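> Spelled out from the first residue to the last, the chains are:
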Amino acid sequence: MSDHCHGSTDNWPELERGYRAMLPEDVLAFIDASRGREHSESMLIATLHMVQGHFGHLGPGHLEAIAQLMQIPLAKVTGVATFYHYFRLQPRGKYLINVCLGTACYVKGAEKIAQKLRDELGIHFGETSKDGIFSLESTRCVGTCGLAPVVMIGDEVHGPLTPSQIPTLLEGYLARAAEDLAPAAASDSR
Amino acid sequence: MSQMINLKIDGESILVPEGTTVMDAAEQIGIHIPRLCYHPDLSLEGNCRVCVVAVEGFDHGLASCATKAWEGMEVQTNSPMIRQARRDIVELLLDNHPKDCQTCDRDGNCELQNLSYRMGVRERLFEGKRKQFPIDDAGASVVRNAEKCILCGRCIRVCGEIQGVFNLSQHGRGFTTVVGPANLTPMDESACIQCGQCVNVCPTAAFLEQDHTERVWKALSHRRKDKHVVVTTAPAIRAALGEAFGLPMGTPVTGKMVTALRRMGFDAIFDVNFSADLTIMEEAHELLKRLAGEGPLPLLTSCSPGWVSFLEKFYPELIPHMSSCKSPMQMQSTLIKTYYAQQKGIDPKDIYVVSVMPCVAKKFEAARPEHVLDGMPTTDAVITTRELAVMIKSYGIDFQRLPDGEFDHPLGTSSGAGDIFGATGGVMEAALRTAAFKLTGQNLGNLDLTMVRSDHGAIREASINLAGQTINVAVADGLQNAKILLEAVKRGEKKYHLIEIMACPGGCICGGGQPYPPIGTYTLNPELAKARAKALYSIDAAKTIRCSHDNPDIQKLYADFLGEPLSAKAHELLHTHYTARTPRGIR
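Sequence order for the protein chains is U and H. 20 is the number that the numbering used here gives to position 20 of the first sequence; each next residue is one higher, with no gaps. 503 is the number that the numbering used here gives to position 313 of the second sequence; each next residue is one higher, with no gaps.
If you are wondering where the hints come from, they were derived from the structure by calculation, not from laboratory data. This structure is a prediction, so every number in the text was calculated from the model and none was measured. Fair warning: there could be bad hints in the mix.
[Claimed, not checked] The calculated lysine-lysine pairs, modelled on PhoX-like cross-linking and capped at a C-alpha distance of 25 Å, are:
hint, chain 1, residue 1, chain 2, residue 2
1, H, K319, U, K112
2, H, K746, H, K733
3, H, K720, H, K673
4, U, K130, U, K116
5, H, K628, H, K479
6, U, K108, U, K130
7, U, K116, H, K321
8, U, K112, H, K321
9, H, K319, U, K116
10, U, K94, U, K130
11, H, K733, H, K628
12, H, K680, H, K479
[What the hints assert, rightly or not] Examples of chain H residues lying across from chain U (beta carbon under 8 Å, computed):
hint, residue
13, I509
14, P510
15, E677
Just so it is clear, CB atoms sit at the ideal spot from N, CA and C, and this is done for glycine as well.
Pulled out of the complex, with its shape left as it was, chain H reads as follows (with noise of 0.2 Å):
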């Protein structure tokens, strides 16, 4: 057991183990001590100041998150000079930055903004010289804007720590310090792979979405009624879309959110989890035949368009190991322009498909130049969960009071099996209840297969027993875990059938395009992935079928259209290809 120490914070005598920071001490007696780049999931950087405490013998603040409790210390937390002095730190950070919050993406939702608030900031006395930047506005997915960065370094951290990529760092010195990928080179051209979570943790709007929301407005506008626009959702919205109005979080809103769809006027509203069944059909059959000795093992899933982009740019000696799947969007795209047009009796170039996605990356997704049919794009727009939740505000519709809706068909009927997609070890969990079927012709007595759920850690290993053959089988999520796991594998350590990979931790659910949590509470919280996870599993649960082979609308797409899987046709239509990419990653 560590040793317990005795301190004093405003005047209160508390004891905390030895280690313990004096910022986490006075969390314990019930006083938050004001905080800017301190993020709880991220390593310490200390360099705000915000956060400063007195400390009796000192003459200046010292920062209570770096700073461990010592035995005998006094704090104060609230004295006039450590008052004054984060007031005065919070007002120079105010005079080095835009004064646009009226117009400014996170309004409403600025770490920055609300801490000036609480500072009781209400004018602005130092003015002076304020840093100018050019916005890099050019890339698919992750738009930055230096001029609002306070360099907390949140992003950074996230990137290298979180993910593995490490394509952010400041460069240059004092006054004109800049936080970017390397050389400050455009974002689509450095490391990034997209995956958006700068744009989660930071404070403020230095890192923002690729903004589809105007064309969408523009798709839908009377003006363009010419159109058919498509709407289609992936399966992490409905975990996450209810923060954005006041739900707790990890309320599932599937009904309303169709609702919403419906009253701003998409002429069908389908569910990506239709494809996502149908991505586990063809991974499954990909899975059978690699167990067959066709290809290489373990095959990889390809669902996360940030781990796609990842393997291309930091493992590409494992192409082949990849599914050749589409992402279930890219599907579902291509089938609405295919299959759906066909029933429909309409020119597919007459078909606008909007993507609603808890991801940054499937901006870039959908502009790679694989995903075409005809020279046109299959998905026209791709939206974040975030921005369709401004769309609605706009409309000024009141989400809580929606009666709940259904999707359309054929496209909008899912096994639960396509529900769990959005949670981390849900790809898998979706596989194995269909390879099991596959291999021993009925469906596994108990379909929760928990140990690859996220309770297991961030890296799962399971093995399951199916006709005979034990299937090994990982999961890894966020790529600095999936680092761990690859190298292990190419270190021959592990030898596994199947390995799933999601991008951002927690998978889609916890997606670089979620809404941002209330402020207090941070993204990567695992109490937050664990709430919108369970929203997904008892979405599954709920339901009658909850394996994707069992979806009658999946049975009826293979029979009327594609045949069976793997063929010709799906292949022409379900499953594309990776390519080596620089500037290569450093793992």
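This is chain U alone, in the form it adopts within the complex (with noise of 0.2 Å):
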């Protein structure tokens, strides 16, 4: 059949040029050498560690390119993506906002604190805010239970806290990133 095959109609070569784009080199030297190789799917999850542990996390472009590089159809690739907790299909913010949810911060009302950040951030757990500043993830025990309850954004620890406390303490980080992009855009005004 080759001989009949007209390469114009075959989009393979442009879209394998497309992804091969998306993905660092190491991932696809990963990716080439376990072409072939009995049960070649079954690393899927190393090579979704990988890419997430180059960007930060795994966006729909990179598991398109990691399903069409590795052949494994997409909706496995997205459906082991979303199943595992540790995967994040959406970038970090700046600052990462983790609300305890152990027992005793739980008994002492971590959860309307939980409720107050989704309020106010717009956003669900696993999710990042519109601007770019903070990601919003639960966590177990973060070993301050005299604390509690406690949120821990990036690696500062704050607690006792009360629903009302939450828009002071999301402005003073608000603040901080601002001042942070201060410079910059100073420089790109002149």
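Assembling the complex is the task here: the two chains are given apart, and the hints tell you how they should meet.
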């Protein structure tokens, strides 16, 4: 059949170029090495870890490139990526907020703190605010039960907190983020 | 010979071959263990736990579909503990399911509803949070309603194992687990090829066809009598429609179907089989041209829109091999709005074409931008056999008692070759009958080319000698089989001149839009395909005209309107083109 194949209707070479451009060299080498090996699809999770390690998250484009280059159905790839807690499908914000939902914090009203954070930021757990500043996650005990209920922002622990303190707390980080950006903006305007 | 095993089920001793599941063993002594995610023609999933049984030595139930019998095993299928467990499982499924049976499309034909009745669930004791997901009803063909999904996984299995498309998967985990295409993208933006087999195997209404009945009712209503409403029926409808009215599987109901359509008020009733004959005329000449060296071989048939989408997404490099013939439905609709409109002196804009199809993908095909005539769609509505049955019932027509009616002319006459289009191998058989005549100047002595019919396996090959030339052909039904065939051709292991591919296993007769079989019988059941195919082959055998080129109305169409096969006019009206599409499928 190859005698009759018209390259013009085959979109693979062009697609493959595009997909390869989306992934870093070491990941491509890893995928190329696993291709053709028995059960090469079992390298999917390892590949997802590598890609997330590189980009900090797994975007739709990354997942599609992984699926196509490994020849694993995309639905399978997104199924795996959404199943495991560790995989992040959105870029992480500048500050990661971890609400402790461990027993002590929970008893002290962590759910109300979590709800206030969701309302203030307009996002759910696992998501990143539109401005890219905050990501919201939940965690179990962080070992500071005496301060319950606690919230970790970046590597700083805040507690004990009440829902009404949340807006001020977030404003502090927003101001910090703005300061960090200011010199860059100033240099841009020159 | 495999070793035999002794076990006891509900106190009764039984001898079964090693490897037999408890569910199958029980079946042998007349015990039907309730089940839900199980499907005999798909791999085992064992996730619904409805089929649990008690086994001596275990303090928990075992899933009988996935547990193989062992020597000395003692099974209770109806102990109080098991009955309670099974009922609780079904109740828990119901608790997380919408309470809208009366208005649901699957009302009366839902496996969950039936099971809950049989388990004696008469009230809902567990009231809790219910999952909520948006409905994806933007697709041209397939509607996905995750709230009705019970996560049995049959759709995932049929899409991958039978169709080789692997478009569906579970996403997320726990309570929010949801089945859908990658990233839960809308069906039409996914790798879906619209075949509708997910609709066929779904035990509930989590997958359905896009409803076109409303637009047909509207066209038929008195307010819209300014429209000339034409209906046209595919070959496979007559082999299955009767099942929706309690007739045995594979009862041919052509005459009753025509009468029902007439009573519903259609202005003209035509038969897509006419255009099946026309497709053969064009496709056979295309084959002759390619045999003469013009264009690539093998030639691939193009009638099945699920297969067309599969080609465009999975094998775009083979597009030059594809026949440029429109499907019979599109040829028929085009002729209704040109040839017939001209004959009747009706402005094509005032004609409304309703196609009755065994197929869900035809809805997508009708919406393709290639299929327009002066800016309007050639086919205005596509209803499945199931939708037609609902319309007939809603009209209060007593189908079983209807007298036989006849199709209208000129687009209602067909040869036996047109009739068999609905079964896998039928297009091939019809094409060979006409190619033989064109190459040798006479019809084959025996028109029954049984070697391409489905009794000979999922992938069939045959060689036929015509005027000193050996024509090698192959047929595949089900796209996983098509993949196997195409890969062999691509590797150069096989050289064929003509390949017929139909997306659905068994062909159109088991298409995604055919009536749901009665509960207990499963779609994909080979007996169902066999019975429906038999109906079509019996219609063919009973006809005096059994070759497309002998159809007098086809001859007249060429003489009066098209000129000859592959003429400029035929090309303009009856042929189409294909494009590589994304997302590209993984093969």
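> Regarding the pair U:K112 and H:K321, is the alpha-carbon distance no greater than 25 Å?
holds, 23 Å
> Please work out if U:K130 and U:K116 have their alpha carbons no farther apart than 25 Å.
holds, 17 Å
> Within 25 Å, alpha carbon to alpha carbon, are H:K746 and H:K733?
Status holds; Cα separation ~19 Å.
> Compare the distance between the alpha carbons of U:K108 and U:K130 with 25 Å, and conclude whether the hinted pair is satisfied.
Cα-Cα ~30 Å, so violated.
> Given the hinted pair U:K116 and H:K321, is their Cα-Cα distance within 25 Å?
holds, 23 Å
> Given the hint that H:K720 pairs with H:K673, does the C-alpha gap stay at or below 25 Å?
Given pair H:K720, H:K673 holds - Cα atoms ~23 Å apart, limit 25 Å.
> Close enough to count: is the Cβ of H:I509 nearer than 8 Å to one in chain U?
holds, 4 Å
> Can the restraint linking H:K628 and H:K479 be considered satisfied, given a maximum Cα separation of 25 Å?
OK: H:K628 and H:K479 at ~12 Å, within 25 Å.
> Just to be careful: measuring from the Cβ of H:P510 to every Cβ in chain U, is the smallest value less than 8 Å?
Holds: closest Cβ of chain U sits about 5 Å from H:P510, inside 8 Å.
> Have a go at the H:E677 hint: is there a Cβ in chain U nearer than 8 Å to its own Cβ?
violated, 10 Å
> Within 25 Å, alpha carbon to alpha carbon, are H:K680 and H:K479?
The given pair, whose Cα atoms are some 22 Å apart, holds under the 25 Å limit.
> What's the verdict on U:K94 and U:K130, does the C-alpha distance respect the 25 Å limit or exceed it?
Holds: U:K94 and U:K130 sit about 12 Å apart, inside 25 Å.
Hint compliance for this structure: hints 6, 15 are broken, all remaining hints hold.
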